[in-house]
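There are 2 protein chains.
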Amino acid sequence: MQTITSIRLLRNALSPLRNAGRSIGLVPTMGYLHEGHARLVSTAREQNDVVVVSIFVNPLQFGPNEDFAQYPRDLHHDEQMLTALGCDFIFAPSVNEMYPEPAVTVVDLPEMGQVLCGRTRPIHFRGVATVVSKLLHIVQPDKAYFGQKDGQQLAIILRMVQDLNLPLAIVGVPTVRESDGLAKSSRNIFLSVQDRPHATVLYRALQVARDDIEAGQRFAAEVMAHMAALISAEPTVRLDYAEAVDARTLQPLSVLSGTVMLAVAAYVGKTRLIDNIVLPLPPIDSPDIP
Amino acid sequence: MQTITSIRLLRNALSPLRNAGRSIGLVPTMGYLHEGHARLVSTAREQNDVVVVSIFVNPLQFGPNEDFAQYPRDLHHDEQMLTALGCDFIFAPSVNEMYPEPAVTVVDLPEMGQVLCGRTRPIHFRGVATVVSKLLHIVQPDKAYFGQKDGQQLAIILRMVQDLNLPLAIVGVPTVRESDGLAKSSRNIFLSVQDRPHATVLYRALQVARDDIEAGQRFAAEVMAHMAALISAEPTVRLDYAEAVDARTLQPLSVLSGTVMLAVAAYVGKTRLIDNIVLPLPPIDSPDIP
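These protein sequence lines map, in sequence, to chains L and R.
Under this note's numbering, the first residue of the first sequence carries the number 6, and numbering increases by one thereafter.
Under this note's numbering, the first residue of the second sequence carries the number 6, and numbering increases by one thereafter.
For the record, the hints were derived by calculation from the structure and aren't laboratory data.
Be aware that one or more of the hints could be misleading.
As the list claims (entries may be wrong) - These stretches of chain L come out as covered by chain R in the derived footprint (C-beta under 8 Å, 3 or more residues):
no., region
1, 110-120
2, 159-173
3, 200-209
4, 259-268
Glycine included, each C-beta is placed from N, C-alpha and C at the ideal position.
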């Protein structure tokens, strides 16, 4: 495995492999890798001849009051983990290598980027779409891998690839959870021992909502209120949102049908966590609706 | 030469050529081709194994009161001309092929797209950047060719390619002019016999400004005022703008130095025309400045 920090050197390394017909899989990450990332890399490893993992904490996707400087970093640990997983190349550019001049060009999906997390993080998904677009042009992979845990991000990347005719496939990889249901996240490291048990309320709320829906509930407002009530009642937890949206467009639903994303975000202590599940429901006019 | 209207079929046609190591040149156009386009295609023909010319009048880059429906189209004439020029593939998709769903994703360079023509055409360059991004992903050319006549567009595409790390080279091709200096444009067809002689004022203003600068003038305001006065004094012509900007960033200059673009836009009768020239000037602290 090679760690490369230069765009030019990475292209030089990948170009002969691509020309020889080798398939390339890219796993874009911000580093500080955990088992969720490991599943992304394993999946890429199974499906491609060459696996590239990018590690880049992208300043463009952090707001002025967010945790860019505090975001955890540990390249040494990441390299060890990725060696064990059979990664071929780590691409770990500096901020200056990725943005030698201010980014004049932005890739934006306003309708999908201003909802859910976008309400509290208005520039986040523009930053994500822009940097992912750059990484896809630098690596030119056949497939790129994203976690379903970042459900809004995955929906946005899927739509960006479709809208801009990017010549690759996006693969969504299931969320990896702790034994108590907490979704793996690099930010879990910031949870205090006191707060940690309360962090499971995000997943518990999603499970309760799923139970409601399986019992026949189809009114989004009811499902959202139930999730919100549970999360709000949890000690040390402050609700950001609890929503039921169309999984592909992220637009609000009044009656649940089709592929639905239940998505929640909350501050547990000072740490902002997100989670979601996607449910395939019968179409709205189906006789299956109770 | 083959005319292809489907993205999938174009990719199928190009993929084996690319895999065999053939270089691909793309000339994006809106059709109704003239000698300016011919020079783009000839340049692409000299520099590449395979030449693709796209013909697509992109609704995204026309404002609600602009001439999308009236924009001239003549695919039959274009095919004849491109056959003669040795083009290999015409890509002529329908609006539905390019936008099967509404474009949620936009590629935007607000700082460069809101100046010059962007003041009267606020959504134009977002539409251009978005569709060019799509075309580059569909064709995946080694080089793409744009006319210097659309100077703001060329600067924006160059910056987009740099910012997003698109894996290709952009080639700017010199403006082709009528014998009296009028820049070739598909929209020249709309000039009435009465208005046509007045249309040369755009190029005449640029020449006068160049003379001023060659005589030592370095104050942008003086140069701009001189161009504006000439254009405004021309019968049947209404000035839109006359500016001197940094050719790379399109930002205004107070003192002219470095690579400067003189850019003008005016309505000649009802037809909006643009023109520009680029002058390489000594840096601002050079002893060459008089």
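Hint check:
Given as covered by chain R, the region 110-120 of chain L passes the check, having 8 residues with a CB less than 8 Å from a CB of that chain where 3 are the minimum. As drawn, the region 159-173 of chain L meets chain R at 8 residues by the rule of a beta-carbon pair under 8 Å; at three or more, the given contact holds. Residues of the region 200-209 of chain L lying with their CB closer than 8 Å to a CB of chain R number 0, which falls below the three-residue condition for coverage. Chain R is given as covering the region 259-268 of chain L, and this is violated because 0 residues of the stretch bring a CB closer than 8 Å to a CB of that chain, at least three being needed.
Against the hints set out earlier in the document, violations occur for numbers 3, 4.
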